[in-house]
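J.: One-letter residues, chain by chain:
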Amino acid sequence: MEYFCGIDIGASTAKLVIADEQGRIVGKAMQRSGVDYTQTAQTLLDQALGQAKIEQSQIAHTISTGYGRDNVPWADGKMTEIACHGRGAYFHFNQQITVIDIGAQDSKIIHLGDDGRRVGFKMNRKCAAGTGAFIEEIAHRLALDITELNALAEKSTKNEPLGSFCTVFAATEVLAKIRAGVDVADIVRGAFCSVVNRIVEMDRVEGLLVTTGGVVAHNPFLATLIGRAFGTEALMPPEPQYTGALGAALFATKQSQEGQ
Amino acid sequence: MAAEFKKIQSTGKMKGLMGKYFTELMGEEPTGRKMAWCTSVGPAELLRAMGFDVYFPENHGAMLGASRMATDLIPLANAHGFSPDICSYLTSDIGAYLKGVSPFQKLGLGVPPKADVLVYNTNQCRDVKDWFQFYAREWDVPCIGIETPRSIGAVDETIVQAIAKKTEALIEPLEAVCGQKFDIDKLREVVGLSKECTRLWKAVLQTAATVPTPLTFFDGTVQMGPAVVLRGTQGAVDYYEMLLAELQQRITDGVAAIEGEKHRIYWEGMPIWGKLRDLSTQFMELQTAVVASTYCNSWVYEDLDPADPFVGMARAYSELFICRSDDYKEKYMLEMIEKFSIDGVVYHDAKTCPNNSNNRYDLPKRLETKTGKPFVVINGDLNDMRLYSDEQSRTNIEAFVEQLAGA
Ligand code: SF4
Chain R
7 MEYFCGIDIG ASTAKLVIAD EQGRIVGKAM QRSGVDYTQT AQTLLDQALG QAKIEQSQIA
67 HTISTGYGRD NVPWADGKMT EIACHGRGAY FHFNQQITVI DIGAQDSKII HLGDDGRRVG
127 FKMNRKCAAG TGAFIEEIAH RLALDITELN ALAEKSTKNE PLGSFCTVFA ATEVLAKIRA
187 GVDVADIVRG AFCSVVNRIV EMDRVEGLLV TTGGVVAHNP FLATLIGRAF GTEALMPPEP
247 QYTGALGAAL FATKQSQEGQ
Chain B
4 MAAEFKKIQS TGKMKGLMGK YFTELMGEEP TGRKMAWCTS VGPAELLRAM GFDVYFPENH
64 GAMLGASRMA TDLIPLANAH GFSPDICSYL TSDIGAYLKG VSPFQKLGLG VPPKADVLVY
124 NTNQCRDVKD WFQFYAREWD VPCIGIETPR SIGAVDETIV QAIAKKTEAL IEPLEAVCGQ
184 KFDIDKLREV VGLSKECTRL WKAVLQTAAT VPTPLTFFDG TVQMGPAVVL RGTQGAVDYY
244 EMLLAELQQR ITDGVAAIEG EKHRIYWEGM PIWGKLRDLS TQFMELQTAV VASTYCNSWV
304 YEDLDPADPF VGMARAYSEL FICRSDDYKE KYMLEMIEKF SIDGVVYHDA KTCPNNSNNR
364 YDLPKRLETK TGKPFVVING DLNDMRLYSD EQSRTNIEAF VEQLAGA
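Protein chains in written order, with the working numbering: chain R, 7 to 266; chain B, 4 to 410.
Since the hints were derived computationally from the structure, they do not count as laboratory data.
There's no promise every hint is true.
Stated by the list, open to error - DMTMM-like, lysine to aspartate or glutamate: derived pairs with alpha carbons at most 20 Å apart:
{"#": "1", "chain 1": "R", "residue 1": "K128", "chain 2": "B", "residue 2": "E405"}
{"#": "2", "chain 1": "R", "residue 1": "K128", "chain 2": "B", "residue 2": "E394"}
{"#": "3", "chain 1": "R", "residue 1": "K128", "chain 2": "B", "residue 2": "E171"}
{"#": "4", "chain 1": "B", "residue 1": "K132", "chain 2": "B", "residue 2": "E171"}
Stated by the list, open to error - Beyond 10 Å from chain R on every Cβ pair, some chain B residues (computed):
{"#": "5", "residue": "L79"}
{"#": "6", "residue": "P106"}
{"#": "7", "residue": "D159"}
{"#": "8", "residue": "V214"}
{"#": "9", "residue": "N358"}
{"#": "10", "residue": "V379"}
What the hints assert, rightly or not - Some, not all, of what chain B presents toward chain R, calculated at C-beta under 8 Å:
{"#": "11", "residue": "E401"}
{"#": "12", "residue": "E405"}
{"#": "13", "residue": "Q406"}
All C-beta atoms in this analysis are idealised placements derived from N, C-alpha and C, irrespective of residue type, glycine included.
Whole structure, please, built from the sequences with the hints as guidance.
T.: In structure tokens:
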């Protein structure tokens, strides 16, 4: 039996999956990317190998992706996170989809046709608005742990909109709302809506809407709001934070079969 | 990666030609001529015919960008009162002036020459006029020019006649500066040389229609120097004859600029001067040739006419892509995509140059629908590298090429 590995070293978190020939995940691991990507990659590989109970020699092909894709010395090739998130999401839905991936540092909208080929994509501009970094900043301003946000936003019935594009200005708006005694839950929901607005203005949705990435994995209510904004249901693949790593493993399978 | 840039042999000759031009303008020997500053698509032929030395500050702007001096100089102009949102050629050039520095100093040439007159054409943007007026105030010299309308649909006779008259009206104030009488025969001669330069430069750019291309956009940004600053001179004509012969030989010998060329790209928008090296390396490694651009074609003026020089100049300088309507731009790009066998279009959205950023009014989507050729937008700037993200661009380009490859 041959296995295939995909590793996604993101701006904040690194994810690795080992898949079998059918694309079933047999081992996976995740940790903060840290400052030594090469070391992180090795640690994740060792963990996932242990979980899958296989040797590194049984891995036929590895593809790296994400910001740290050039820092995995044992990878056989690399692909962008745009390709990998698209591929990983398509695997679960098998039809025309628009993938919205919200990462720590950037957001992407990826269009795939019925046959799974990418027909277009967009990344957000070089700015934290509409990304995980924005949500982290707001949590910091509100002295909340990042894990508390989803429940708070869901509880809120009122949207306290943040008007500004800019993360720093939005943080100032948050301070003004705190001063005015606005309910924290409403502020958090406002911050979620601000992310949604940045996403909505990026591009249109064609086919099924699929959301991926760690930010929606931890904040499923954000995905719900995205769906509402686009007037459709926002679907999520299983374990959305591993979608990029799975896509990389699937590309590894394909490349290995094609003898690349 | 084993791939290497293929050096164009003629380049050495061009560097000599450009070096001689700059040394004449800025060297210690006085030329005895008056100094006119001219916008890059301004009435250079008229100034040359009237015996001026002609200096093009946009060329200096590009040098400030390419040498990566710009980003440190722009804030000085910002503090002076020029917004960081306006042309970063303007802000980096004025910043350099305020600080008394220039990339010319590295060539042993000092700072740019002081103008006796500044002559603009607003066909490209308003910024050039504002830029020139700053120096006119600094040095108390005249700033004159031509206000060409923008977003022109058809370049009709009304426009041509009006611009021709405006151009002729420059003669009197220019005579007052240079102290010489205007000579129409001299203008015919210069326009004739400029037209020949255009013919050759266009032929050079069109060699890139060959698959695989012998020339890339990145080569073009270097090779265009004489077409910008030496048009109307014999030196430019001689140079492009030589370059064209070299590129034709490459075609005959099957020499590709990009080894193993797999994809062909159209670059729409300004060069990102501070990142040309990185970008050309990335494209080369991806075996992707950027074969055509609007930018390098901005110095092609086919309607120049020695028999009717003012009307010819008026038409040529109003027909430019940059001052035309989106209908025209769409049609032009459709033809280019077809002619150069383009697989995809990269739009550079330059933050400080809306005039040369054509992704903002839905053109990419319209063209994609018509041609089936995908596009990607790179956010950046010509000179202000604070507006550019290496990582975002690298990933965007890599992902785009993956898409072209069917991933
Ligand atoms: S066209 Fe753009 S880059 Fe050129 S001078 Fe005008 S604003 Fe600056």
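J.: Hint by hint, note whether the structure agrees.
T.: Hint check:
{"no.": "1", "hint": "K128(R) with E405(B)", "verdict": "holds (14 Å)"}
{"no.": "2", "hint": "K128(R) with E394(B)", "verdict": "holds (14 Å)"}
{"no.": "3", "hint": "K128(R) with E171(B)", "verdict": "violated (49 Å)"}
{"no.": "4", "hint": "K132(B) with E171(B)", "verdict": "holds (19 Å)"}
{"no.": "5", "hint": "L79", "verdict": "holds (24 Å)"}
{"no.": "6", "hint": "P106", "verdict": "holds (27 Å)"}
{"no.": "7", "hint": "D159", "verdict": "holds (38 Å)"}
{"no.": "8", "hint": "V214", "verdict": "holds (23 Å)"}
{"no.": "9", "hint": "N358", "verdict": "holds (20 Å)"}
{"no.": "10", "hint": "V379", "verdict": "violated (8 Å)"}
{"no.": "11", "hint": "E401", "verdict": "holds (5 Å)"}
{"no.": "12", "hint": "E405", "verdict": "holds (5 Å)"}
{"no.": "13", "hint": "Q406", "verdict": "holds (5 Å)"}
Comparing the model with each numbered hint stated earlier shows that hints 3, 10 do not hold.
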